[in-house]
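Chain by chain, the residues run as shown.
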Amino acid sequence: MKMKRIIALLLATMMLALALSGCGSKKSDSSAAAEGGKTTVNLWATGSDNVRSIFETLTNEFNTNSEYADKYEVKLQFMLSGTGTQTLADMLAAAAKAGQTNTDYDLVDLSGDDLSKVMSLVGQDKFVKLDDSKIPNAASVSAESSVTPDYCQPYRGTTVILAYDSEKVPTPPATMDELVEWMKANPGRFAYNTPGTGGAGDSFVRSSVYNFLPEEAFTSDDEKWVSEWDEGFEFLKSIHPYMYSSGGSIVYPNKNQGTLDLLNQGEIDMCPNWADMVLSQRASGAIRDSIKITQIEPSLTGSLQSMVIPTFGSNEEGAYAFINFMLSPEAQEIMVRDMAAIPLIDSSDMDMTGYEDLQGLDVSNFRIQSIGGLSTAFNERWDNEIGTLG
Amino acid sequence: MMSKSCKQKLVAYGLVMPAFLVVMLTVAYPIVSAVIQSFQDEETGAFTLDNYLYFFTEPAQLRNILYTLFVVVMTVVIAIVVAYLLALYLRFVKSKIAKTIGTLYLLPRFVPAMCAVYAMITIIRDSGLINRIGALFGLDIKLGLMYHASGMIVMNLWFNIPFAAMMITAGLGAIPDSIIEGARDVGASKLKTFTSMILPLSIKDVVVASTFVFMSNVGSFTTPYLMGGNSPKMLGIALFDQFNKYMAYNRSAALSVIMFLICSVSAGVYIYTNLKENDWEKQ
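Here the protein sequences line up with chains A and B, keeping their order.
All letters in the first sequence, in the order written, are residues 1 to 390 by my numbering.
All letters in the second sequence, in the order written, are residues 1001 to 1283 by my numbering.
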């Protein structure tokens, strides 16, 4: 009997100890030598699931087939988006402000909006000023980030475009004014998703509002622009009655996929959406072949996805190697094929079957928007003023 | 040396301690910290009731609360009525069809929420299955259920009718046949048997089922996110907006406390009904 009790107590203590050790902090991966003399490069990225699978393909390719395969090994640290980017930016800021050095933030992938957020949180001197001689493939990249161009290297573009059903709309509008005329002539056949639920709707409303403001406002997070949004919001109210409606009230669906579903089902004929979403779903047969994309003037926003090397990382050479790999034709082709990304190098000798539409998207014409922290105020105002119009 | 009962008590506490600590850490501590946060001002951290007042004075937010209550109460009422009828059918009708339904009625609950919602959307949307079948006959049927309360209530019934029916069936199963036969022997009609014997004996299970249906639907997210309109919104979506879109963490804490209080009303009803002793249960 006594033995039983002792064993029971020992088990209980052991389980408690195990449970508590599970709550302990995880040891950070040091980038000391991995197997076979290769050094590790930790790549931090965030996004939706298709971005994760693309990065896994790319890191595998780098680790096995590229010219760097026997020198570096890239480990992907991926954070599924939702509130992920806020956390990644916070994590970088925390590490930088705590004065940490030799952390495992060797290489970080950031979108335009997050780049400006991180740069303002952390400061550009915490990032390596990129030496172009270490990235030979960058010579063929003409696109340049609008935020801290010397400290980040763009490697792919994404853009929001107008997706439309070519059977119902043989000649799509070419300018914003033509689009508004089309909306009024075809009430209920256009929809955009609620801002804050998907980037396409965000892009449409911000482009519409910032069309009334000077160009530099679009990449500024200065609070003074907030009071100048009135004209833009009046415009959004004026087009509200011509939006898609169901059951007697106007509806702004949630998520980018919400409007794409409506377009595919034939309930609407046009919507703003991401180029890569439309093209990859069309290629896989999830949406009809008659759905095409077009850009309007002034264009809906695009953004460049860039990589930065924090000075508090621990494998600068490996980071440079991976960036150079990302700009190689092999890697760019993987990105085109697997996620309809817009390549930033000359695509004439890449295999672009099924994605010829991407070649028509001129990256140098991209309108970049990064209003940083103002986006929360923007979404809240939309929810209160337009969302409640019913 | 400690007495035997003292030792026994220590052992008992010691064995319970790990589980208790886990519950404290994962349940009690976040609740307490959320409640504290809900009373703090966003910028200064000073005590304020503004976060709560926001939800009761902003017309859009107040509408959200009333809308959620409407949708949830309708879901509870319809789910319980249908579930009760289903349970009565399964209990008192002895046929092959009834037996088959008895084994199949729980299946809808096993379908993952996202799949079920998309399945429903495919059928009821304005360009969905019903509309296309109607088109074959030359009719343009647009149900108008999507993005409105009616659609969400229909979707909620998918998950809640089987669950409520399961609980009520269990309760009805506990009513012995002899009671029913006894009532019929003294000449009670079917309706009288129901109102004076079956209903009072199963009312507690009905209240339990209603409580669970109510509490699980107040904070529902998937259905309103995919099928709901822009205004008014269900509280689950309003809460998501507050902490994810606007990053207003103090207001989100206040809204969660408000939702918690709404649920505790229904929990209170449940506790009251269970504690109240019925006449026939008194010794």
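By construction, these hints were calculated from the structure, which means they are not laboratory data.
Since the structure is predicted, the reported quantities are computational estimates derived from the model, not experimental observations.
Idealized CB from N, CA, C, for every residue including glycine.
Hints are not guaranteed to be accurate.
As the list claims (entries may be wrong) - No more than 30 Å apart at the CA atoms, straight line, and that leaves these computed lysine-lysine pairs for DSS-like: (1) A:Lys292 with B:Lys1007; (2) B:Lys1245 with A:Lys255; (3) A:Lys126 with B:Lys1007; (4) A:Lys126 with A:Lys184; (5) A:Lys4 with B:Lys1245; (6) B:Lys1142 with A:Lys255; (7) B:Lys1004 with A:Lys4; (8) B:Lys1142 with A:Lys237; (9) A:Lys2 with B:Lys1245; (10) A:Lys237 with B:Lys1007; (11) A:Lys97 with B:Lys1245.
As the list claims (entries may be wrong) - Selected chain A positions facing chain B (in silico; Cβ < 7 Å): (12) Asn211; (13) Phe212; (14) Thr376.
Holds or violated: A:Lys4 to B:Lys1245, with C-alpha atoms at most 30 Å apart: 55 Å, violated
30 Å limit on alpha-carbon distance, applied to hinted pair A:Lys2 and B:Lys1245: The given pair, whose Cα atoms are some 59 Å apart, is violated under the 30 Å limit.
Pair hint B:Lys1004 and A:Lys4, alpha-carbon separation not exceeding 30 Å: 16 Å, holds
Straight-line alpha-carbon gap A:Lys237 to B:Lys1007, limit 30 Å: At roughly 73 Å apart (the allowed maximum being 30 Å), B:Lys1007 and A:Lys237 break the hint.
Restraint status (C-alpha distance of A:Lys126 to A:Lys184 at most 30 Å): 50 Å, violated
Hint check: 7 Å Cβ-Cβ cutoff, A:Asn211 to chain B: 23 Å, violated
Interface hint outcome for A:Phe212 [beta carbon to chain B under 7 Å]: 23 Å, violated
Status of the hint placing A:Thr376 at chain B (closest C-beta pair under 7 Å): 5 Å, holds
Proposed proximity, A:Lys255 with B:Lys1142 (alpha carbon, max 30 Å): This hinted pair holds, its Cα atoms lying about 23 Å apart.
Satisfaction of hint between B:Lys1007 and A:Lys292, Cα-Cα up to 30 Å: Violated, because 77 Å separates the two Cα atoms, which is more than 30 Å.
30 Å limit on alpha-carbon distance, applied to hinted pair A:Lys126 and B:Lys1007: 59 Å, violated
Restraint status (C-alpha distance of A:Lys97 to B:Lys1245 at most 30 Å): Answer holds: A:Lys97 to B:Lys1245 is near 26 Å, not above 30 Å.
The structure fails to meet hints 1, 3, 4, 5, 9, 10, 12 and 13 from the earlier list, while all remaining hints are met.
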